[in-house]
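> Work the whole structure out from these sequences, hints included.
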Amino acid sequence: MQVQRPGGGLQWEVPATALRLATRAEREAAGLAGTAAPVGCPECRELTAAQRAAVDRGDRALAVTRTIAVRSHYRASHASYEAETW
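In the numbering used here, the protein residues as written are 3 to 88.
Calculated directly from the structure, the hints in this document are not laboratory data.
Any given hint could be a false lead.
Label-pair distances were calculated between CB atoms; the ranges are [what the hints assert, rightly or not]:
(1) D61 with W14: 38 to 46 Å
(2) A20 with A71: 30 to 38 Å
(3) A55 with E15: 38 to 46 Å
(4) T19 with T69: 37 to 45 Å
(5) L12 with G60: 42 to 50 Å
(6) V16 with S79: 14 to 22 Å
Quantities reported herein were computed from a predicted structural model and do not represent experimental measurements.
Here a beta-carbon is modelled for each residue, glycine too, at the ideal position from N, C-alpha and C.
What follows is the structure, encoded as structure tokens:
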């Protein structure tokens, strides 16, 4: 697999067996705010924070509603971003 830092730069090869998902701390340090959306999207941050708050409160119904809102926003606002980065 070829990998690259968020935002671009040199690519390097890594065995597929060595890949893992980034931790929340690693995503935040990279400026990704826990999403795959473009760095710095204020609506992504707001929607994700609301979704996490619902999960933290244990409000399952609200968490589902907020998760749908996050995904709907991502598809509507960032679908072309994902296509451009691949």
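> Give me the numbers of the hints this structure contradicts, sorted from smallest to largest.
4 and 6
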